[in-house]
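> So the chains spell out like this:
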Amino acid sequence: MSDLETFRNETREWLDKNCPADMRDGAVSEATQCWGGRNWTFTSEGQKLWLERMAAKGWTVPTWPKEYGGAGLSKDETEILQAEMKAIGARKPHDNFGITMLGPALLKFGTHEQKLEHLPPIARGELRWCQGYSEPGAGSDLASLRTKAEDKGDHYIVNGQKIWTSYADKADWIFCLVRTDFDAAKHKGISFVLFDMATDGVTTKPIKLISGSSPFCETFFDDVRVEKSNLVHKPNKGWDVAKYLLTHERGMIGEVFGNMTGGRSLGEIAASEIGIDDMGRVDDPLLRAKLVQAEVDSLAFSTLLQSVSERAEAGESLGAVSSVLKYYGTEMNKRRHELLMEIGGSDELEWSEQNDDGQRSKDWLRTKGNSIEGGTSEVQLQIVAKHILQMPNA
Amino acid sequence: MSMMLNEDQEMLREAAAGFLKENAPVSAFREMRDSNSTEGFSRDLWSEMAQMGWVGILVPEEYGGSAFGMVGAGLIAEEMGKHLTTSPFLSTSVLATTAFAKFGSEAQKQHHLPKISSGECLYALAVDEGAKHAPAKINLKAERSGNGFKLSGQKTFVANGHVADHVIVAARTSGEAGDENGITLFLMDANSMGLDKTASSMVDNSSSARLRLSDVEVNADAIIGEIDGGFEPLETILNAGRACLAAELTGCADQAFNTTVAYINERKQFGVPVGSFQALQHRAAHLHTEIEMAKAVTLAALQSVDGEDEHAWRLTALAKAKVGQVALLAAQEGVQMHGGMGMTDAFDIGLYLKRVRVAGEMFGDASWHANRIAEALSF
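From first to last, the protein sequence lines stand for chains F and W.
Going by the numbering used here, the residue at position 40 of the first sequence is 40; the numbering climbs one at a time, nothing skipped.
Going by the numbering used here, the residue at position 218 of the second sequence is 218; the numbering climbs one at a time, nothing skipped.
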């Protein structure tokens, strides 16, 4: 038996023994996620056990090195783990911006001490992170940010305001872009720092969105002390870290939306909700034509994602390709949700118990942010035009 | 399956790109067009391609071919798309070769496959009878007569039908138009009595033919595959052709796009290159995204044909649907972004617009294939 087969058998056995029954429903919705952190209330004993057991194996972050809380798994092993989890409908044990965003940046730019200090608590779900990037005056033009960090010898004093900080009100720590040099060109005076959200002077204020929920906050810093040991990479080199992280984030966003085609197709949903004609076709020819087009584009996009991920594995540097994925993936996701609303008709326009409190319409409203957060579609197109097509500056 | 080319495939691509750039650039296509060539392609070019093993790229080695596979055929087709190279590659090297290699009798293989590899004989496949692709609606009748069959009816949009030495005709031996059962594939000499061929020059100056068959007699050994069981083989043959067309269209789209970006980066108005305007940059970036998808689905389709995947038709349908749209979009946007120059014959962009219209229509347009995907997904 090959090593991988042995790994598969052992994994299957372990999962079967250790995944609690209520963590096997295959749920992926916001309501069933486990974000962890100091203030987390587990929704069940099963959720708590599942996180603890997976963390003990290093499988909340399977590809990270063991000394930082991971399991050091290879790409093949990770795929096996994911497939075996999917096979029993296992939920993801833990979601954390520390896993998807800070982790990769810290692994690349952090010191050994920083990795040792920050990565294991993320892997164990003990600390929940948020991202402090956008400011009221620095959205698409992120590098013009003005949150100020004054050098006080062994520490900085941070003053300013962030906005669109996802779950800042629930997070324990923040990775944050601050300006350390106001005289340098805008990209060259930025630093990347980490600090505890419980530090004196940090306040958060949730922003109510059109969907009715408040996943984003305004975050204020008033004389916040940040130790210099929590500066990642060199002073004034924070833009390199930010760009790396954004590239990673954009690729990930594209991937998330590209892989959402795995479940029922829009056409199947429409066939069951609207009904079919004598030929077995969705009983609304114009809507059906739009659905067909959306499926073709989704399938084509998934194929592109597969190809890009193989190129990345083979060592090709992705760079602006992540903007291609982010642009198309988010625009496609918006389109799919518009179509879901069209399929649902008036049944999905009410917010009532009958339709899960209007979950479909809330999801639809939420998707409008997809092509804005992490860099707007227009910013992505600009990056593609400049860096891939090398078109002239205006 | 890997979505990356292996070393041999990369080498083939480079060889094809280099050779066609040197020997069959767009200027060669223009010369041929302006000389009113009745054949519509260069015999010299064809025999050089045969010597390099490209004509027999799908032919098994024991029949004199290079057996490089469908991905290789697609790479050549893509490069031909970039250069607007006209040749009997699709009809002979892909369609007829697939027919013989996968469904032919031993005698048919031994007789025809070496003649394909050597470049000696040309072939055509006659399927459609109406303006829109509909392989199940074949109505051209084949009736038993003596030891063989007599065929009567009409075919249209037969690529290279005017120059082929042999024609494979999909005919109805039983049932009615619309039935998948009852279709049979017949091989006939292009000079058979009662076979009337009318060459037509298409909008892109490629050549195809209308065929009229009046009691064309063939022997029973002219059948490829089984009597009445020709639909599935035909689909397999067509899928190879569709994947090849998707590759050609991808090449057309890629080149039309690159030509356009190069043009708008040079062309100045208001004292600056028009390519510096965001209105054009965003459209160009969107097109780049679409073309990246076209490349990915094309490769997936070619690989599925090679892998004899039973779901190959889904990937070829996806490729033909997506690439058909992308290529048309790239050419349409290309004309618009060229401004007035895009309307002139002197610039190449219009040639691509015409070519993708024809290649996109062949063996099912984007809507036809998109509909098949919907049917596969049960809606």
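Since the hints were derived computationally from the structure, they do not count as laboratory data.
Errors might be hidden in some of the hints.
Cross-link-like lysine-lysine pairs, in silico, DSS-like; alpha carbons within 30 Å at most [stated by the list, open to error]:
no., chain 1, residue 1, chain 2, residue 2
1, W, Lys354, F, Lys290
2, F, Lys386, W, Lys137
3, F, Lys75, F, Lys290
4, F, Lys148, F, Lys188
5, F, Lys386, W, Lys132
6, F, Lys290, W, Lys137
Partial pick of chain F residues on the chain W-facing surface, computed with a CB cut under 8 Å [what the hints assert, rightly or not]:
no., residue
7, Leu209
8, Ala300
9, Tyr328
10, Asn393
Remember, predicted model here, so these are calculated numbers, not experimental data.
Built from N, CA and C at the ideal position, the CB exists for glycine as well.
> Where does the structure disagree with the numbered hints, that is, which hint numbers, in rising order?
Violated hints: 2, 3, 5 and 7; rest satisfied.
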